[in-house]
Amino acid sequence: MASNSLNIAESRAGMICIVALAGRIDSTNAEQLMTRLNSLLSSGEKAILVDFSEVIYLTSAAFRALLVATDEAERNTARFVLCSVLGQVRELFEMGGLLDAFTIHGSREEALTRLG
Amino acid sequence: MASFREQTMRIAIPNELAALPVATATLQRFGADNGVPDKALVQLQVALDEIVSNIIKYAWPEGGSHELTICLTAHRGAVEIEIVDDGQAFDPLSVPSPVHPPKGRRPRPGGVGIHITRNLIDGIEYVRTDGENHIILTKRYAGCVPPERGLDGQ
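Residue numbers (this note's numbering), protein chains in the order written: chain Y, 1 to 116; chain S, 1001 to 1154.
Okay, chain S solo, but in the shape it has when bound (with noise of 0.2 angstroms):
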């Protein structure tokens, strides 16, 4: 069996908007790297987004500044997201699906992100502990490797 070593990536943004294309550029980077395909990088870079997105906006109603971290790891055949903060407590999996507009109503705006997030990832975990939210999100797919590293982990 093919040896394969987790590449563990993490980084730091503030929480505003501006700062969210810090993170989806590292993932990108992160998942070309370890031989994440295209299709599975974008679903991650949605999710991502979304998930950051609503933590910026939400997690902190006093304001004031406020650090997230962000930590990728990759495994074989899948990749994890963390995200972590030290904002209120909210859990996105509490978050019911968009309710279906009458016949003839066009949806309102509102609880799509966390919706199209869950059909994208194939786990979402959620854990409050010492005043922080821990957001894990796992992306599995198939049949790719490394590019720089090949299958003996060279």
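Next comes chain Y alone, as it looks inside the complex (with noise of 0.2 angstroms):
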């Protein structure tokens, strides 16, 4: 993977559409998470979780993206939470005083148990 490359896998568990994401989410790349999410969204998908496990770090262009879906789900009346947001990612979370603005659950199994 470059450097500064953001990878976006999708799988599935049952109803859940599972989108996990590895690499930097900087300036350059956000517009193309929000664009795959708004995508899934509009397809119809009713549960997206974010797995952030293997995320390095991510600016405030991702929080952006991630507002967006956000907002987006809760008018498709679709769950959209995150998973596995850890260490400096974390941190990054509280400085932006956005760990409050999503749905967190610590690991991808606590989230799949939530959602299923």
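Everything labelled a hint here was simulated from the structure, so no lab data went into it.
Hints may be right or wrong, so weigh each one.
Chain Y stretches covered by chain S per the calculated footprint, using a threshold of three residues with CB under 8 angstroms from any CB of chain S [what the hints assert, rightly or not]:
no.	segment
1	15-21
2	48-54
3	103-111
Residues of chain Y placed beyond 12 angstroms of chain S at every Cβ, according to the derived structure [as the list claims (entries may be wrong)]:
no.	residue
4	A9
5	S11
6	R24
7	R36
8	S42
9	N76
10	A78
11	R79
12	V81
13	L98
Take a look, some chain Y residues computed to stay more than 12 angstroms from chain S by CB distance [unchecked claim]:
no.	residue
14	I8
15	E10
16	R12
17	T35
18	N38
19	S39
20	L40
21	S43
22	G44
23	L58
24	S60
25	T70
26	G87
27	R114
Keep in mind the model is a prediction, meaning the values are calculated, not measured.
Glycine is no exception: its CB is placed at the ideal position from the N, C-alpha and C atoms.
Relying on the hints, combine the two individually framed chains into one complex.
Structure, rendered in structure tokens:
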């Protein structure tokens, strides 16, 4: 993976769409994440879990993408949750005052149990 | 007292977001070469992304091709990043902290990047001189020695 790339991998657990992110989410690729999440929501997904366990860092551009997707999910009566927001990535959420802006579960397992 | 040679690297990038990875990748290499701890390096990369993307998006409302220069300097226990552009005057220190949303409401995007940068970085200075904006970010860290030079600076 190039040092500044973001990898977005989708998988399913029953009715839940899991979006696993890996790498860096910055000003150059946050738009790509927003487009992908919005396209999942507009295609009718009703439960989306975004896994941050492999994210190295994110910037405010990523927060914008996540806030837009959260609003879109609300409009579509879909559930949109995050998991494994840990370490330095969690600190960035905290600094942005955004820990309470999203539904965040500790691990993928916990999130799947809550969504299931 | 062991000697320490300051290292400096200067790059220029066009005012295009697509050029930003060049800057963050250069910073990553520079930090690794100068023994900057991983956590401090990530914090610097986030801050650089926030400041440079802001400049690219807002410094030249009339558009056109412009260039930003980024100068990285490794001091003993600190890295300084100076970002220079010839866009309209803009002091990032003048940006107010984001307002907390009313209870039960989600925050809106906007102002978060500068706020995060202030939290990540130990010092931010802004100078407007000769029609140019100079933003200087300083990040201090403890206890690392550049791997290829050692304590005697050799």
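Against the structure, the hints come out as follows:
Counting residues of the segment 15-21 of chain Y whose C-beta lies closer than 8 angstroms to any C-beta of chain S gives 0; at least three are required, and the coverage claim is violated. Counting residues of the segment 48-54 of chain Y whose CB lies closer than 8 angstroms to any CB of chain S gives 0, which falls below the minimum of 3, so the coverage claim is violated. Counting residues of the segment 103-111 of chain Y whose beta carbon lies closer than 8 angstroms to any beta carbon of chain S gives 0, which falls below the threshold of three, so the coverage claim is violated. For A9 (chain Y), the condition that its CB be more than 12 angstroms from all CB atoms of chain S holds, with the nearest at approximately 21 angstroms.
The Cβ of S11 (chain Y) sits about 27 angstroms from the closest Cβ of chain S, beyond the 12 angstroms cut-off, so the non-interface label holds. Consistency note on R24 (chain Y): stated as away from chain S, yet its beta-carbon is not over 12 angstroms from all of that chain's, at 8 angstroms minimum. At roughly 18 angstroms from the closest C-beta of chain S, the C-beta of R36 (chain Y) stays outside 12 angstroms, upholding its exclusion from the interface. Residue placement check: S42 (chain Y) keeps its beta carbon more than 12 angstroms from all beta carbons of chain S (closest about 20 angstroms).
A cut-off of 12 angstroms between C-beta atoms confirms that N76 (chain Y) is not in contact with chain S; the least separation is 16 angstroms. Every beta carbon of chain S lies more than 12 angstroms from that of A78 (chain Y), the smallest distance being close to 15 angstroms; the non-interface claim holds. Listed as a non-interface residue, R79 (chain Y) keeps its Cβ farther than 12 angstroms from every Cβ of chain S; the least gap is roughly 15 angstroms. Every CB of chain S is more than 12 angstroms from the CB of V81 (chain Y) (nearest about 14 angstroms), matching its label as outside the interface.
Here L98 (chain Y) does not stay apart from chain S, with its beta-carbon only about 6 angstroms from theirs, under the 12 angstroms limit. With 12 angstroms as the threshold on Cβ separation, the claim that I8 (chain Y) sits away from chain S holds: the shortest Cβ distance comes to roughly 17 angstroms. For E10 (chain Y), the requirement that its beta carbon stay farther than 12 angstroms from each beta carbon of chain S is met, with the minimum near 24 angstroms. Every Cβ of chain S is farther than 12 angstroms from the Cβ of R12 (chain Y); the closest lies at roughly 27 angstroms, confirming the non-interface assignment.
Distance to chain S confirms T35 (chain Y) as a non-interface residue, since its nearest Cβ pair spans about 15 angstroms, more than 12 angstroms. Residue placement check: N38 (chain Y) keeps its beta carbon more than 12 angstroms from all beta carbons of chain S (closest about 15 angstroms). The claim that S39 (chain Y) is not at the interface with chain S holds, since no C-beta of that chain comes within 12 angstroms of its own (minimum 20 angstroms). Chain S leaves L40 (chain Y) outside its interface by the beta-carbon criterion, the shortest separation being 20 angstroms against a cut-off of 12 angstroms.
With a minimum CB-CB distance of about 23 angstroms to chain S, S43 (chain Y) clears the 12 angstroms threshold, and the non-interface call stands. Annotated as non-interface, G44 (chain Y) keeps its C-beta farther than 12 angstroms from every C-beta of chain S; the closest such distance is 23 angstroms. The Cβ of L58 (chain Y) sits about 8 angstroms from the closest Cβ of chain S, inside the 12 angstroms cut-off, so the non-interface label is violated. Under the 12 angstroms C-beta cut-off, the non-interface status given to S60 (chain Y) relative to chain S is violated; the minimum distance is some 4 angstroms.
With a minimum CB-CB distance of about 7 angstroms to chain S, T70 (chain Y) fails to clear the 12 angstroms threshold, and the non-interface call is violated. The claim that G87 (chain Y) lies off the interface is violated: its Cβ sits roughly 9 angstroms from the closest Cβ of chain S, which falls inside the 12 angstroms cut-off. With a cut of 12 angstroms on Cβ distances, R114 (chain Y) stays outside the contact zone with chain S, its closest approach being about 20 angstroms.
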